[in-house]
Structures are given as C-alpha cells and as structure tokens.
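Trainee: Produce the complete structure using the sequences and hints provided.
2 protein chains.
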Amino acid sequence: MPVPHTWLGIAADDPFGPGTLPYGVFSTGDGRPPRVGVAAGAWVLDLAAAAYAQDAPFAEAVDAPVLDPLMAQGPETWRQVRESLTAWLTDPAFETALRPHLVERASVRMHLPFTVGDYVDFYSSQHHAANLGRILRPGQPSLPANWKHLPLGYHGRSGTVVVSGTGIARPMGQRKPPSAEDPEFGPSARLDIEAEVGFVVGVPAPGGGVPVSGFAEHVFGVFLVNDWSARDLQAWENMPLGPFLGKSFATSVSPWVVPLDALQEARVAPPERDPAPVEYLRDVPGDPWGLDLQLEVRINGEPVARPPFAQMYWTPAQQLAHLTVNGASLRTGDMYASGTVSGPEKEQRGSLIELSWNGEEPVELADGSTRAFLEDGDTVTIAATARGPGVSVIGLGEVTGRVLPAQG
Amino acid sequence: MPVPHTWLGIAADDPFGPGTLPYGVFSTGDGRPPRVGVAAGAWVLDLAAAAYAQDAPFAEAVDAPVLDPLMAQGPETWRQVRESLTAWLTDPAFETALRPHLVERASVRMHLPFTVGDYVDFYSSQHHAANLGRILRPGQPSLPANWKHLPLGYHGRSGTVVVSGTGIARPMGQRKPPSAEDPEFGPSARLDIEAEVGFVVGVPAPGGGVPVSGFAEHVFGVFLVNDWSARDLQAWENMPLGPFLGKSFATSVSPWVVPLDALQEARVAPPERDPAPVEYLRDVPGDPWGLDLQLEVRINGEPVARPPFAQMYWTPAQQLAHLTVNGASLRTGDMYASGTVSGPEKEQRGSLIELSWNGEEPVELADGSTRAFLEDGDTVTIAATARGPGVSVIGLGEVTGRVLPAQG
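Protein chains in written order, with the working numbering: chain A, 1 to 408; chain B, 1001 to 1408.
Since the hints were made in silico from the structure, they are not lab data. Hints are supplied without guarantee of correctness; some may be wrong.
Unchecked claim - Which bits of chain B does chain A cover? Going by a derived footprint, with three or more residues having C-beta under 8 Å, they are: (1) 1074-1086; (2) 1140-1153.
Said to hold, decoys possible - From the derived model, a few chain B residues whose C-beta atoms are all more than 10 Å from chain A: (3) Asp1013; (4) Asp1068; (5) Arg1109; (6) Arg1157; (7) Asp1274; (8) Gly1286; (9) Gly1359; (10) Gln1407.
Computed from a prediction, not measured in an experiment: that's the story for all the values here. Where a beta carbon is used, it is the ideal one built from N, C-alpha and C, also for glycine.
Mentor: This is the structure:
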C-alpha cells in the first residue's frame, strides 16, 4: 500500500506515518485530564476534540481518559475511526479545522493507555524456551514435553503494569545460591529484561471460547512489553507454581497501541509446527497471524539485540484461542504478551540471561563496561518496526525504563 | 465478648448474629441497582439507606454498587461503621427508623462484593502441599525445597472470579494420560474443588512493602473461596510455568465479607515454624494472625470434609508481606486466597484429589454413589464458622456452585 501524503509533511519512512496511526493516552501538563490521542509523525492529535469538531459519530467513544470505550466498540468502529483519521490527515481541506487539535509529541506526557484487566504472559518463542532449558536444565530435553502442544503461559500481576518511562526499582526478595544452605534476602542481583510483544482485548467474550479465526474480532491492537525479571528470585520460588515475585514487581508497556489494521502487510505465515497441534490451535488457512516485527533492545542507548518476532512458534491468534478454550471469559483491557522474543542467532536473543548465557558471557558495551545482568541506573529500551512490502514503515514505538536502586 | 441483644431477635448461635455483621452487595429484583448490605440474622440492612436516614458520616462511602469505596476508607471508618451498626441493631430506639431498610435475606440476590483487582492464590497448608507431593511426586520429598521458606503462590485470573451460586461449566482442555502418546482434547475428567479462605485488600499500598504488622491496616475482610481445579488440564500444562487453564475457568467466592474486627476472638497462634523464616516473614509477637476457622465441604448437601484453618502454616499477614516485599503495589480489591485448607486427618482434606487420593479411594456418598472427582450436576458448598471463647458464633457463610456440563 503506498503511503498517503499528509498535510503534516510526515517523512515516508517515519514509523508513525499515516499508515500507523497508533492510539494512546496523553496529557499536556496544563491541568487538563489525560485524553485519547493519535500519533502522526511528530504530532499528537487530540482525538475527541477533533471528532467533536468534525461531528464524527464515534466522538463519545474516544472522549475518555483511557482507550477502553473505543476498544470495546469492535472492528467496525475501529475501521471507521481509522478511515476518518486517514481522510482528515491527508485531505488539506481539514487542515484549518484540525490544526488546533494537534500538539507536539515531544511535549506530552503519556499514560497507561487502557485499564489492564487480566495479564497473561506466554512463552512462545522456541528459541527462547530452548535457550532457557539448556541454561537451567542442562542434560535434559531443552523444551518441556508439553511445549509444542500448547502455548504455555501464566497470569502476571496486572496492577503493576506501568507505562514506558516509569522507573523500575530493583526488587527485594529471597534467593538461594546453589552453594548456600539457606535462602538470603536482599536486592535482586540478577535483574533482567524480556523483550515481548503485547496484545490487548477490545471486545469482550463472556463465555470464552474464541477460535483462532476470532482473533481480529476481539483484539484491538499491539504494543511492546518489557517483562522485567529477577532471575534469582524466580529461580528460588519457581517450583512448582511458576513465576511470582520474580516478575510481579513491574511490567512496562509502550504507550502507543498500534491497531491490527496497521499491521496487515506485516502478516506472515508462522513457522511450520511439528507435531500439528490439536484442532482448536490450528491456523486458519489464508489467515496467518505471524507478524514480521523487528524488535531492537538497547541498554543505555546501545543496541544489544535484534529479536525477530516473525519466528515465534505460537501466534497471538493461537494464544487467544488457548487462553479461552477452557471457557475463561475475556474483558475489555485484558492483555497478553508473547513471551520473550528470541531468534536463533546470539544477537537475536531477547533477554540478558540468554545474551550473557546465565552470566557466563557478559555483554560488552561500547563504553567498555560489561553486563551479565542490569545495573542500577541502566536504561533499557525496546523498540520495534514492521516492514510491509512497499516503502511504508510501521512503527510500534518503544518501551523504556530505568533501573532505580532497591528501596529496602 | 458477650453477644449483644438485638431488637431483631437473632438467636445467640446465629452465625450472622450481631458479632459478625458481614458486608455484601445485594439486589432485590425490583429494578433497583445492586447496593451494599449488611447481614443480620435472616435480614439484610440496606446500608446506604440506613446511613442516610441516620445522617451517618460514612453514608457516601457505602452508597455504591460494590464495597470498593468503603474498603478504601481504612480501619478508622471500618470501625466507625461497625460501631454504628451495633448501636443501630441493639438499641430499640432505632427500630422504627431502620425497619424500612431491612429486607429478608432469603429474598435477595447477591452479587460479587467488590471489584477484583489482582487475585493471588497461595499454597500455605503444609498438609495439603505434602499430600500433593506424595500423590504427584512419589519417592521425592513431599514438600518442595522452598516451601518452608516462603508462602508459595501464583497469580490467578481475576476476570473469572464469580459470586457463589454461579454455575460452573466443566472446562474443556488438553490433558495427556500417562499411557497416551499425544495429548487429547475434551472436557476435564478430573474436576476438583479447593476449599480456601480469601482476603481482600481495602487500603492501597502504592509502593508495596507491607510488613506483617501492617495486615490489619490494609486488609478489609475475609470470605470463602472455591478454587475449582481441573486436575488433568493442570497436570499437563503445569511445568514449568505453574497453574493456568486448569484454574482460570472459574473461582467462586462467598458473597459476605466478614470484617477483621469480627474475627478478633478467632485469632490464634500459627503452628511453630521450623526453620524460622527470614525476617520480613516473622510473626509479630503478641499479634498473631492464625485464625481458628472451621470449614466444611459438602457435596450435594452432604459433608465430606471439615478442614481446620487454624493449622495453616503461613498466616494471611505473612502472605501479604510476601506478596508485596518485592515492591509490588496493592490496590483496593486485590484479593488473595490461602491455598487449599487441609488438616492432618483424612476427613480434614480440602480437595477431592486428597480425599480420594488421586481417585484411588473414591469418596462414598450417602446415596451409595462415589466420587473420585466431580460429576455434572454436583453442587459443592464450602461453609465456615469461627468460634470465639464465649458463646458467640461468627459465620463466614458459604460459597456454593453447581457443575454444569461442558460447553464444547
């Protein structure tokens, strides 16, 4: 699809060009409450103000301090809003009316874009799961026996999902070094990141049972997730109930939610699945939900990994089908994350435990320092773009967070 | 404490006597929205209506379709409300003014009492954990190595917490019998219950770090939980991320939340802990939060177990301290459950997997039928009472649910 020209003069390769049009919630520091915005190049459009000015039928649904009401509307409204936005930004006839509702993106503060319902974290990169198996269970099969039969996942803490830019205090907790008799208590010494892609539910499913084919009827959009992980806390608590305090202190999300419609050209076939999964997990022929997103992980501004999302074994459509196959309901704002995105190459690994191979091969940074795990003061940024077949670049923006000292 | 006499003529041994005064949310089927009520014997007091009539300072906080605003107020208001309720119901001078705000409890419909934030399920009965270890990991130590060092837990699905009385459809899912090569898909064949006690947070803790001594400053009240569990789904999915679809289809809660102040006489010292836990988990001397609650599990009305809560290894105060020690925030409405309550005796086990020893010793019911696990149509009820040193009986009411056929 060729990039439409906007009267805003957005460059053709701007990741927030007119092919992206992501939604977020912003405030302007003038006492006005947070409100829904759409990013366009270096600008944010105040969506409700613009919609009221244009007498758009969806004005009320976007007049809120969160995306929840818009997300709950469903695909027809989502398309309508997007078509209106495209028309408004590309037809110079709208410029005079809309200019007053644009603010510079660099000047706004971004907020959590939606009310998080439940948060499920999956584990769907075969490369990541196999790397962790090799690191944590040497001598055993690298993948758990169930891994290729279902998208493994667990519930995370929704109350500690924070928007990009929020400082992340190093968590306190119990850990037991293999050599120690008893557990110790103190700040995590192995603080890590996990580069993931997140999905948020718009349309509820009160009875669960969303088939793979129902993904785009329920999911509103895509964003980036940093699933901060305290590896030492996690190792000690993990058996037999899975991750808990090693994860629950914070999960950061990017502020801009990219609608599925913006990612149509990034849809790719997922990898071959062997063995074929049971029926409720089968891909719909001709309707693939692999996504060709290129992630980049930076520590203090320096790229340390470029994880490829296209190689994820389980797609977000399969994850949603699995999540609801037992009858579990979906609410507007329920979110789920892909699991750490890792590719087959070393520089494609989405976590430090993989990049440094459990600390044995610390990552070298340009300033000469090394990182086995994160240090206080480190800033971690995960960014991503999707490339379509044409010249258009679709960006997911970025999620960033700085490690603060433990508050003991 | 002697039971005060009420002008309602409540029997001294009524579990919802004037020493209990639990809070819930009810509606009356006349089109009026759900509202906060207080149970007193066979009656429900419409709390906001009564409070406005008495010009009580807390009237606005209880004028809501959920307990959230009252819960957020904190212990001083909670005590004030309770003192007013006691005065209103025991002083005959209030009878004329309050009679119009009483409705028969048998006539009301109960709703979920609060907006569930995050839901954490613990695993804090040593007898339960050891039974499961013996059943699931024969030949290995019955308790995981970490079990006596921290209250193990995991996050459950808050969106599928339902109020007592809600039908529970048998979940569909994958399970792999040991003899099978590949997993099968179908209705769970091993549907179970877990009899638990729940706690709900009233006062938020934005930075986490609630000490054991802070329990009563943050927790509003206590209720009963049936953590429905599909053992076959759980067994197949559990490694390495813990419970997910085997639990997430439904969790039932009792409709009446009993305030901590009602349970003062039920506070008992928890069992001796050996080894002593690390400092943040130590009991506060003279401020014990073991609770002498006697649970009863009934299948189709017939008692099958009487689990003793007083024997729980970790107290709810320790659970809250653990949950927040990593900095995880608390919100009003965050709830947590104790984990299955099981005592040392066979008839004290709070789950069927224990009662039937993984199906090997089915439970015999009075009608001659047996249960290894639940059948469609079974109704499970969990009830509980706390006995104080005097004649007063404090009830937690009950949580009930009927198993419906799978919806495939």
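Trainee: All hints, please: hold or fail.
Mentor: Going through the hints against the structure:
Check on the segment 1074-1086 of chain B: 0 of its residues sit with their Cβ under 8 Å from a Cβ of chain A, so the three-residue criterion for coverage is violated. For a cut-off of 8 Å, the count of residues in the segment 1140-1153 of chain B with a CB near a CB of chain A stands at 7, and the three-residue condition holds. Even its closest Cβ contact with chain A, about 39 Å, leaves aspartate 1013 of chain B beyond 10 Å, as expected for a residue assigned away from the interface. Against the 10 Å criterion, aspartate 1068 of chain B stays outside the reach of chain A, whose nearest CB is about 14 Å from its own CB.
Once the 10 Å rule is applied to beta carbons, arginine 1109 of chain B is consistent with being away from chain A; the minimum gap is 18 Å. A cut-off of 10 Å between C-beta atoms contradicts the statement that arginine 1157 of chain B is not in contact with chain A; the least separation is 5 Å. For aspartate 1274 of chain B, the condition that its CB be more than 10 Å from all CB atoms of chain A holds, with the nearest at approximately 12 Å. Listed as a non-interface residue, glycine 1286 of chain B keeps its Cβ farther than 10 Å from every Cβ of chain A; the least gap is roughly 24 Å.
Remark: the non-interface label on glycine 1359 of chain B is consistent with the geometry, its nearest Cβ contact in chain A lying 20 Å away (cut-off 10 Å). At roughly 7 Å, the least C-beta separation between glutamine 1407 of chain B and chain A is not larger than 10 Å, which violates its mark as non-interface.
The structure fails hints 1, 6 and 10 (numbered hints given earlier, in ascending order).
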